[in-house]
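Q: Residue strings, one per chain:
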Amino acid sequence: MPRLASVNELEAYRARLAATRDPTRPCLTVCAGSGCTAAGAGDVLTALRKNVEKAGLKDGVDVKSTGCHGFCERGPIMIVWPEGTFYNKVASSDARAIVASIADGHVPVEKLLYRDPASGQAVVREDEVPFYARQRRVLFGNNGRIDPKNIDDYLNVGGYAALGKVLSGMTWEQVIDQVKRSGLRGRGGAGFPTGVKWGFCRQNPAPRYLICNADEGDPGAFMDRSLLEGNPHSILEGMIIGAFALGVEEGYVYVRAEYPLAVEHLRVAIEQAENYGLLGDNILGSGQRFRVHVVKGAGAFVCGEETALIRSIEGKVGEPQPRPPYPAQRGLWNRPTVINNVKTWASVPVILNRGPEWYAAIGTEKSKGTMVFSLVGKINNTGLVEVPMGITLREMIYEIGGGIPGGKELKAIQIGGPSGGCIPASLIDLAIDYDELTKAGSMMGSGGMVVMDESTCMVDVARYFMEFLEDESCGQCFPCRKGTQRMREILTRICAGHGKEEDLALLEDLGWLMRQTSLCALGQTAANPVLTTLRYFRDEYLAHIRDQQCPAKVCKQLIYYEIDPVFCDGCGACVKVCAGEAILGEKKKLHTIDAAKCTRCGACMEVCQPKAVLVSTGAIPCPV
Amino acid sequence: MPSLKINGIETEVEHGMSVLDAARFLGLPIPTLCHDDGLTPAGACRLCVVEVERNGTRKLLSACTLPAEDGLVVWTHSERVERARRLLLELYVATCPSSKRIQDLASRYGANICRYDAEHEICIQCGLCVRMCEQQMMAGAIGFAGRGSNRRVSRPFDMTSDRCRQCGACLYICPVCELRCAGPQADTTLCSGCLNFATVCLQSYDHAMCSLDPCHACELSGPFRPDVRVKNELLKIPTGELK
Chain E
100 MPRLASVNEL EAYRARLAAT RDPTRPCLTV CAGSGCTAAG AGDVLTALRK
150 NVEKAGLKDG VDVKSTGCHG FCERGPIMIV WPEGTFYNKV ASSDARAIVA
200 SIADGHVPVE KLLYRDPASG QAVVREDEVP FYARQRRVLF GNNGRIDPKN
250 IDDYLNVGGY AALGKVLSGM TWEQVIDQVK RSGLRGRGGA GFPTGVKWGF
300 CRQNPAPRYL ICNADEGDPG AFMDRSLLEG NPHSILEGMI IGAFALGVEE
350 GYVYVRAEYP LAVEHLRVAI EQAENYGLLG DNILGSGQRF RVHVVKGAGA
400 FVCGEETALI RSIEGKVGEP QPRPPYPAQR GLWNRPTVIN NVKTWASVPV
450 ILNRGPEWYA AIGTEKSKGT MVFSLVGKIN NTGLVEVPMG ITLREMIYEI
500 GGGIPGGKEL KAIQIGGPSG GCIPASLIDL AIDYDELTKA GSMMGSGGMV
550 VMDESTCMVD VARYFMEFLE DESCGQCFPC RKGTQRMREI LTRICAGHGK
600 EEDLALLEDL GWLMRQTSLC ALGQTAANPV LTTLRYFRDE YLAHIRDQQC
650 PAKVCKQLIY YEIDPVFCDG CGACVKVCAG EAILGEKKKL HTIDAAKCTR
700 CGACMEVCQP KAVLVSTGAI PCPV
Chain P
759 MPSLKINGIE TEVEHGMSVL DAARFLGLPI PTLCHDDGLT PAGACRLCVV
809 EVERNGTRKL LSACTLPAED GLVVWTHSER VERARRLLLE LYVATCPSSK
859 RIQDLASRYG ANICRYDAEH EICIQCGLCV RMCEQQMMAG AIGFAGRGSN
909 RRVSRPFDMT SDRCRQCGAC LYICPVCELR CAGPQADTTL CSGCLNFATV
959 CLQSYDHAMC SLDPCHACEL SGPFRPDVRV KNELLKIPTG ELK
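Residue numbers (the working numbering), protein chains in the order written: chain E, 100 to 723; chain P, 759 to 1001.
These aren't lab readings, by the way, just hints derived from the structure by calculation.
Hints may contain errors.
Claimed, not checked - In the DSBU-like style, the derived pairs of lysine-lysine whose C-alpha atoms are separated by at most 30 Å in a straight line are:
| no. | chain 1 | residue 1 | chain 2 | residue 2 |
| --- | --- | --- | --- | --- |
| 1 | E | 710 | E | 688 |
| 2 | P | 817 | E | 415 |
| 3 | E | 686 | E | 696 |
| 4 | E | 507 | E | 415 |
| 5 | E | 710 | E | 686 |
| 6 | E | 538 | E | 279 |
| 7 | P | 817 | E | 538 |
| 8 | E | 507 | E | 652 |
| 9 | P | 858 | E | 279 |
| 10 | E | 507 | E | 477 |
| 11 | E | 507 | E | 465 |
| 12 | E | 465 | P | 858 |
Just chain E, same shape as in the assembly:
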């Protein structure tokens, strides 16, 4: 293991690495991100290794596990280098065919290729897949090419070049200036200009600290996790550059304990970087000292809030503190602290490598660069997407996401995690950037994007998020603790058909109060799902209140099941699954549902082959 004593040695080592690596040597990379691993990537890897050995290609073919590619819907996915052939939904039984195809001279295995659902055409290369074609993968692009546990892989794709550039003659002012000029805004949600924050912190006396916020708690979001698991060195490099610019000797990564793989990869990366002399004392002979500690969070949603996170690192209860003083003035151990998100730190090397102008050319006027979204919900292509700021929701949903499954209509998109807002389908041409989203009542947040179709009840959605936030509020300040509780009570009442029209004004008042007076951003944004659904889907609230109807047929107390006498063939399947014994009827005769006993679980509807079970909303009609 070489210890690199100067920037020149780093470049010389990189050149040596490139010389020893044969670019034409076949390499099978399998995505070992969380999604693909769950789909069986581990078995695929084992099978590939076994088959490579069996075919006697052990010295000629590499098999490698890499980080997340983002296209989790089609996992496990793999790529055959150097051609870049993209295979999806790979099973361990396909390993023999894949290895055979390499031995035969790289003829793609037809059945594993991605087929464009629109044209039915098979696509060979990853970047030709429609899901990737519209993306701009600045941060995630290398995930599919490197083994996260191997620093040489990262060096081979140009890793630590930005650090070398910084240490070979740049001043800290120049680094901060470049970050400022790039227009990078914090990717954690609020979107504060990163360079400005660094400038504020640098004005304050040392010792200063820096923190990487990897406490990703939003339901359905896994961008930070994928980056930590797939490319931990890019984050470390950003932090080391930050340490140089800010004059920091001690940094922390606060990561959820629920992400064991991320913690492991991060620890490995830190150890390797220390061995190479890229971290620790006297980094690349520059005299700069920087150490990184990994702190595991116990999984409280509110600990993603920066002041709460700082308290948690200090060993106290993770409760937010009033600001000002801001962490840049007084943060960890009461010292000036810069705290940035995983994606923000990972963007720093890119900016310094390619220059602030290059970075600023991507995106919109006030939101620069790319943003990573986790696209989930009622959408064909679930996964992580990295797109330039300013992309429209339409491109996101229909071109990258592949539209809504089952031929259903898009109803709303919830952006920004539990405290983001629901944007209606009518705003489909909205350009996604910090300010446009705020104008629409939502927010960028950490980048969670939940797509909802017509079978979603917006009142129920608002109630769900409020329930989540009520549980996750720290309870320290009154408007957040009581506001979320009261809101949840009111929404539950409306969902049960006991709402009053005055409740809507009350919800709006409460939402205003929470936004204005809560202590931290959790409380200030908690009402967003309620306020946006009230703004865009008021009719639905009124239908629940006035007509006791749930238009989407979701709210259990407002729906009832009945059997269509025309279609029912009396097969009795529904009788068997009904846990409440609410279905009456003999074989081959018409069945009926006793609404009083029915628990509205919907099991009968699922099993009914002739589709004779119907769900209706409103008052249960009297049996005649």
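Chain E is already provided as a structure; the job is to place chain P on it using the hints.
A: Relative to the frame of chain E, chain P by itself:
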């Protein structure tokens, strides 16, 4: 010495003072339920929110935790602040209707309807008792446990602690249990019993209360009645006028 502007008044205060201290120094009343001069500020009750101008945007911030800094522009009783306090007090009354202190504040800030069901909780989690026990009594026998709606003031493992000397300081400082309201309609959330209770005023002045504190007669007639309260130019500044 930081100099700041509160309700249009230029003032200089000592280092380390909060905006709440500064406003009180000027005689501007700011209501709180979680603040005590001998204890660290918590910013938990949020009743002390004031409107602060900073970098061209206006925000509501809690005065007790906001350090008085150079160039701050603060409004203690703007329309927005009053509305926030009224809505907050409505929530407080619903949580703890039997507290006289909360009922009085609600009357004062015109929170005269309550749209929630009463909860009759015994604690508003202002944390005064916890801080009192730790910072003044040097015991630290009680603390917070749980999160969100499960958060409560508790002892270690919910058992009597050796550290508790049963000094009673926590009871003394509690804004909710210090004095129970026993109004004529104790069960309703907003009884306004104190305001309906007629007493004889001992001495009457034009714009000040008599020697009884509080004097219900003065509150009922005169300038202290919430609905006829004189719109003090110092306190009420229309939102558009700030430059």
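Q: Check each numbered hint against the structure and report the violated ones by number, ascending.
A: 4, 9, 11 and 12
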